[in-house]
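If you read the sequences in order, they're chains A and B. Terminal number for the first sequence in full-length UniProt numbering: 327, no gaps in between. Terminal number for the second sequence in full-length UniProt numbering: 327, no gaps in between.
Not one of these hints is a red herring.
Which copy is meant is left open, because identical chains are indistinguishable; a pair holds if it fits in one copy or across any two.
In the DSS-like style, the derived pairs of lysine-lysine whose C-alpha atoms are separated by at most 25 angstroms in a straight line are:
1. Lys63 / Lys321
2. Lys212 / Lys298
3. Lys321 / Lys72
4. Lys298 / Lys214
5. Lys188 / Lys218
6. Lys212 / Lys188
Don't read these hints as lab results, they were simulated from the structure. This one's a predicted model, so the numbers in the text were calculated from it and none came from an experiment.
2 protein chains.
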Amino acid sequence: MTNFRIDNLQYANWSEKIFRQMREGGLDAVHVTISYHENFRETVLNFEQWNRWFEQYPDLIMKGQWASDIDKARETGRTAIFFGFQNPSPIEDDIGLVEIVHTLGARFMQLTYNNQSLLATGCYESEDPGITRMGKQVIKEMNRVGLVVDMSHSADRSTIEAAEISERPIAITHANLHSWAPALRNKKDDVVRAVTERGGMLGFSLYPHHLKGKSECKLESFCQMIAQAADLYGAEHLGIGSDLCQDQPDSVVEWMRVGRWSKEIDYGEGSAAAPGFPPMPSWYEDNRHFGNLEDGLKAIGMNPEEVTGIMGGNWYRFYAKNFTPQG
Amino acid sequence: MTNFRIDNLQYANWSEKIFRQMREGGLDAVHVTISYHENFRETVLNFEQWNRWFEQYPDLIMKGQWASDIDKARETGRTAIFFGFQNPSPIEDDIGLVEIVHTLGARFMQLTYNNQSLLATGCYESEDPGITRMGKQVIKEMNRVGLVVDMSHSADRSTIEAAEISERPIAITHANLHSWAPALRNKKDDVVRAVTERGGMLGFSLYPHHLKGKSECKLESFCQMIAQAADLYGAEHLGIGSDLCQDQPDSVVEWMRVGRWSKEIDYGEGSAAAPGFPPMPSWYEDNRHFGNLEDGLKAIGMNPEEVTGIMGGNWYRFYAKNFTPQG
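Using the sequences and the hints, build the whole thing.
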């Protein structure tokens, strides 16, 4: 198996510096978030911004649409950038936009971001009535065109139902095991099982609020959680979705948390005392540290083939099967 | 040379009936207008509508993006549908939308529709100051991504300047020779020359207001005009852009003519007494008559190879060179 390195979720304050760090870290592909609460037109502005970066940094990055673009990136020493949304706001109330955003390059879309959406329930709601009428139609359309259902920020019942309703495997792109770190965003056994036993993927997050001991979490502990997940769900369903939010100002955390849906501040996983991004663990400060995960997994004795899959091979195989139109 | 049949401009009230008539007429490709005055979001709704038609009629039509899609359509007995705009309204005031609409499938964009636009001057304005500052930037961007400049409804100076400024050949997708029928929309010698001598194309229109004798025009006269254009500009620069507006209600003529830019009625090429679409000539009522043009050109003695080019081969070659990104 080729030693791909794929990080399946980042939302950094992109710059030439970060693109160079991706290259230093040997990243063949990165899935980047280009929408939290943006409506369709605002999301198109974000596609436009990336088009400009592809023009400006043709030696560092390229647009990723298919798994084969990862091979192309690797052959030319670049990082393939794949697009995703952490909310269905880009499709507004219009199912026809599912195919439009896929044509523009979107490959993952969360059905919810913390709150109730038109499609499903977010993990911060007190009630979870499951997938909505529109949600069922949109999942079918996402299956048809090759836009992957991502339930990272969704509530449990909605996630399990999405896994069951979807005819193609779904993903939790960035979260950890709730049994290891009982954060609201980490996933319980029945949720992870529902996703992985249908061919879905779980990407492990380095966001400190999702880590045992937060910023003080040890690499060994993180890797042991991964090894445990491999035992429980099969290593082939696991990958990395670092949730790297490098160089973002606190105003962006606020946009992520409250968008335009509230006039009051909601601190999400933070607090009034610590409203901003927490510091990353010392062994994962930016893309240059991606290789530390490989070393960590090997150090705890995971077999090299499983490590290769987790570092990128599993996402590669998932991309190859799930980004193309059905049939 | 393969005997392609390509109609490089239609704006019909699309239906299964018309798609079947395209097949009966042996059309391998049709360039369809999907925007007159629609802004970006409204144009996206039109892309969405076509996506639904591709889903509903997969045996009759398919989305066309590249010249190779015409071969694919031909092999599978379908018509490849290519998209274009008769106005730059879909890109609003945002140059970043040029690449976005190309990604969605747009392949031709008029810089103006009769009136002054942000980019150039339309043929109904009394003054033509030429290509604007934004126009120069947008032409460069259209060249870069592979979106063809179409000047069918533009004023003379703007058209000649566009041909000169553009680094790739441009097109007049639907118009006839002004010397043959002196309609405002038909093109004078210096305009046609500026376009064709730089590798550009002229598509001949069957819209009665552009014909000598209007609805009473004879096929022989139409074909003689084409033969004359072949002598003057070279047959390899000529094709068909029928401007077929089949089954459209008069309300659509009004939308084409006044959009949202005027509260008063503007009759364009019509008049208060005859505000609607004029009847098509008896030898060109719909797509099933496309072959009549071939017969007509052969009947006046044009050489078969030139006829093959005009019926579609020339547009095929033009598509192959001008729809892909530069460099």
